[in-house]
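Novice: Sequence:
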Amino acid sequence: MKVPRWTPADPAAITARRTWAKAMVATITDPTRSPTYGTPHWAALADDDPRKLAAAVIAAECWATDLDELPDRVRRDLDAARAAHEAAEDARWAEAFEQARQIAHAQASPAALALRAHYAKTQAERIAEARRPRTGDYPGQNPNHHKQHLDAVQDGEAA
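Using our numbering, you'd call the opening residue of the sequence shown number 6 and step up by one each time.
No wet-lab data here; the hints were simulated from the structure.
Just so you know, not all the hints are guaranteed correct.
[What the hints assert, rightly or not] Label-pair ranges, simulated between beta-carbon atoms: (1) A65 with D95: 43 to 49 angstroms; (2) T70 with T32: 17 to 23 angstroms; (3) H46 with H90: 53 to 59 angstroms; (4) P16 with R81: 34 to 40 angstroms; (5) R78 with A28: 24 to 30 angstroms.
Backbone N, C-alpha and C define an ideal beta-carbon position, used for all residues, glycine too.
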């Protein structure tokens with residue numbers, strides 16, 4: 006089944022329809038007393054009562070007018086949704102750019118350089134470096150430590 010493509014109504018046809026509807030409703034002497042289409046009061050009216058026909062024409066014209074304005078309304082809604090989406094995307098990208106800028110700035114700081122040098126080594130290199138004794142780390146294991154201590158005592162430096 007092929008669905009027909011929606012095409013806008015001819016403005017002349019819209020004008021003719023509205024003119025006819027106004028003429029049909031104009032026959033009612035007091036439009037405020039006209040019942041709303043589909044209500045029990047409307048259903049209780051006789052089929053030849055002009056108020057019943059006028060209520061149906063008013064309802065039909067409301068529906069037709071809504072349909073006449075639908076494309077413009079949908080276009081406005083889509084334009085608003087598109088603008089909101091673009092604004093949200095711009096905000097998201099601005100936030101991502103700011104985070105990237107902060108990361109780049111932090112990585113360029115002197116404190117980060119020392120960390121990068123440390124983490125640039127392999128784990129095996131870091132373990133080997135940690136196992137190597139450094140002067141003063143282990144006083145009892147330094148072969149010259151005892152001798153240095155005795156020299157200090159003889160010189161009167163130690164208590």
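Novice: Taking each numbered hint in turn, which are not upheld by the structure, reported in ascending numerical order?
Specialist: The structure breaks hints 3, 4; every other hint is satisfied.
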